[in-house]
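Asks: Chains as they are written, first to last, in the working numbering: chain L, 1 to 249; chain Z, 250 to 711.
No lab work stands behind these hints, which were simulated from the structure alone.
Careful: at least some of the hints might be erroneous.
Stated by the list, open to error - Capping the alpha-carbon separation at 25 Å, the derived lysine-lysine pairs in DSS-like fashion look like this:
hint	chain 1	residue 1	chain 2	residue 2
1	L	56	Z	639
2	L	101	L	56
3	Z	706	L	248
4	Z	479	Z	324
5	Z	615	Z	639
6	Z	707	L	24
7	Z	644	L	24
8	L	172	Z	282
9	Z	324	Z	493
10	Z	707	L	56
11	Z	407	Z	282
12	L	56	Z	407
13	Z	631	Z	593
14	L	144	Z	282
15	Z	441	Z	479
16	L	248	Z	707
Said to hold, decoys possible - Here are a few chain L residues that face chain Z, going by a calculated C-beta distance under 10 Å:
hint	residue
17	39
18	50
19	63
20	124
21	179
22	195
23	210
24	223
Even glycine gets a Cβ: it sits at the ideal position worked out from N, Cα and C.
Below are the chains, spelled out letter by letter.
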Amino acid sequence: MQVALFIPCYIDQLYPRVGMATLKILERRGCDVVFPSTQTCCGQPMANTGCSSDAKPLAERFLEIFSPYQYVVAPSGSCVAMVRRHYDEYLEGRPGFAELKAKTFELCEFLVDVMKVDAWGGAYPHKVGLHSSCHGLRELEMGKPSERVGPAFSKPLRLLEMIDQIELVDPKRPDECCGFGGTFAVAEEAVSCMMGTDRLRDHLGAGAEVLTAADMSCLMHLQGLGKRQQMPLQIKHIAEILNESEAKS
Amino acid sequence: MKTAQHPEQAAEFVANDARAHWHDQALWFVREKRDRMAVSLPEWEQLRDTASQIKLHTVSRMADYLEEFERNATKLGAVVHWAKDAQEHNEIVLSLLKKIDAKRIVKSKSMLTEECHLNPFLEEQGIEVVDTDLGERIVQLRKEAPSHIVLPAIHIKKEEVSETFHEHLQTEAGNNDPNYLTEAARNHLREKFVAADAGITGVNFAIAETGGLVVCTNEGNADLGVSLPKLHIACMGIEKLVPKAADLSVFLRLLARSATGQPITTYSSHFHGPRPGGELHIILVDNGRSNLMGSSQFRNSLKCIRCGACMNTCPVYRRSGGHSYGTTVPGPIGSILAPSRDSKQHKSLPFACTLCGSCTDVCPVKIDLHHELLEWRGEIRKRGQLPISKTLPMKFTSWMMQSPWLFGVVGAIGRWCLRHFPRWAIYHGLNPWGKQREMPESPKQSFRELYQIHESKKASDE
């Protein structure tokens, strides 16, 4: 199975360990993983600010770079949602675009839906809180949002539950937004930080020692707040937890 | 008109941490109640689908249904008026009141009349307008605007209500007992009901097939307000239409559950023509709505039944308060409707959103709210209303990201600065990220560098 790694720009620069964890998880499962080195950014920051003409050339580059591969996998629900839900505006009808949308996956989705993972090696003896990042939850439908009526499920949670000795804690508000929201974090700094602090307190109150999510951008915001407030909470991307537990086994 | 934008007004609200948290808790309580009520109907998602389809269909044939409604309402003995904007609406109301020389009006909560600023208009003419919904009356006495379309006084604490009532209704100072305060309001309003010359109500649903209309209240104030005086004026935005009486079975189940978490509103009052000896005037108001009808991007927002669920669930609304939006309808739906009237004045609203999508999932008529908000951002950019402080960095980033080499260099420099610069050079007034947050730790190597090492190691192992 050939997988092209789609590493979000800020993960490339600031959280390379998340990219490495993703790489190792996929290689351990026998995937032939490549990192197309000409990739940069999917264009989400520009698109979310309303600057479509600035996002478009990046979407076009993305299509060109990732078209040749069998699968495209990213450790980010938000960036994958950009490709799958928002690229239509720029790429509708282009050769290879329909295929690109169908073969681009967030890591947890890929493990559950494509690789059909039903067991996970190793143990992670910590109390872990999962932050359900909005774009993965609602745009990629990786879980059931609390507003909707229907059977409950969550792909990231399903993976975490397979790990031995992990203790998952339940925050009071299961899928409240962390307040990052891209440029919102800066433009609406006051609300953004209040939202993030509330998220952290909810997880701390539930007893979490480690806070995880499938999106490092939410975690970057939460980590920044937690560190400033000296909260006793470790922040880890879900790929890091999955990789660490398995690497030890 | 205030020109302050959402971020500044929100920051002011958030600065009072205890109050902002109290506000958030109060609305979250309603949102949770709504969840319990939604789950109690296994067919909830099907109801939402049906409601959405009925509304979309109605919007697509709005002109036909409006005419059908006018015909049938007229047959029942009501008089139908058409108003293209707020000004026309207010003048129609005034002319009707003048005809019977009405001086005292009781009004049941209507967001449309708020939108048209009817109260100040009538007061200038020497006419007393009393809002009879308890929450609405509280904000009226305090000379404030409602901060929510269903819970207009949700931003006010009971201690503050007590102070307001002590000042205006001569209640006991410091008595915060909700029962005592409600009783005082009830007695006060009863006097107003008895003395009223005319009653004005909003409309929740107007039925094309019958020419009737439905007003939903929890306090029965609409019924009282139009039962005593002879003149009933019903003011409605044209989007309040449903084709058939049978459609109410869908909407009445969704409305109260979504709004307040009740199975149904306490009073769903049906008005089919005037009561014997009375007059019923219905004013159909456009005020920018037909522009939305013609817009493929934003047409969906006309499906709105004004339940307020998107406000209750919106994490930004809950923490920034309704007044921070500076518009009659705040929150996610308001942030779509307001720019359609004046995008320059309300340009910050589509950005007062993290695009979390909770509003879209909670909406009983399935308006894709967060996608429309994103559309609005693009529209504001196209109209040249996005400040250069936002457009320029995006232009630069896009240019940089089109070159992997440049991205690598800028990234490496940025990381180096983050590691070596003194704290004061990173955390200062020009860095809003760092005001309450630490910057991420800066690794020496990027992923692409680590990947190269990984690959060459793999090659040498083989």
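Asks: Indicate, hint by hint, whether the structure satisfies it.
Replies: How the hints compare with the structure:
no.	hint	in the structure
1	L:56 - Z:639	holds, 17 Å
2	L:101 - L:56	holds, 16 Å
3	Z:706 - L:248	holds, 21 Å
4	Z:479 - Z:324	holds, 19 Å
5	Z:615 - Z:639	violated, 31 Å
6	Z:707 - L:24	holds, 12 Å
7	Z:644 - L:24	violated, 35 Å
8	L:172 - Z:282	holds, 14 Å
9	Z:324 - Z:493	holds, 16 Å
10	Z:707 - L:56	violated, 36 Å
11	Z:407 - Z:282	holds, 21 Å
12	L:56 - Z:407	violated, 52 Å
13	Z:631 - Z:593	holds, 12 Å
14	L:144 - Z:282	holds, 18 Å
15	Z:441 - Z:479	holds, 15 Å
16	L:248 - Z:707	holds, 20 Å
17	39	holds, 7 Å
18	50	holds, 3 Å
19	63	violated, 14 Å
20	124	violated, 22 Å
21	179	holds, 6 Å
22	195	holds, 5 Å
23	210	violated, 17 Å
24	223	holds, 7 Å
In this structure, the earlier hints numbered 5, 7, 10, 12, 19, 20 and 23 are contradicted, and the remaining ones agree with it.
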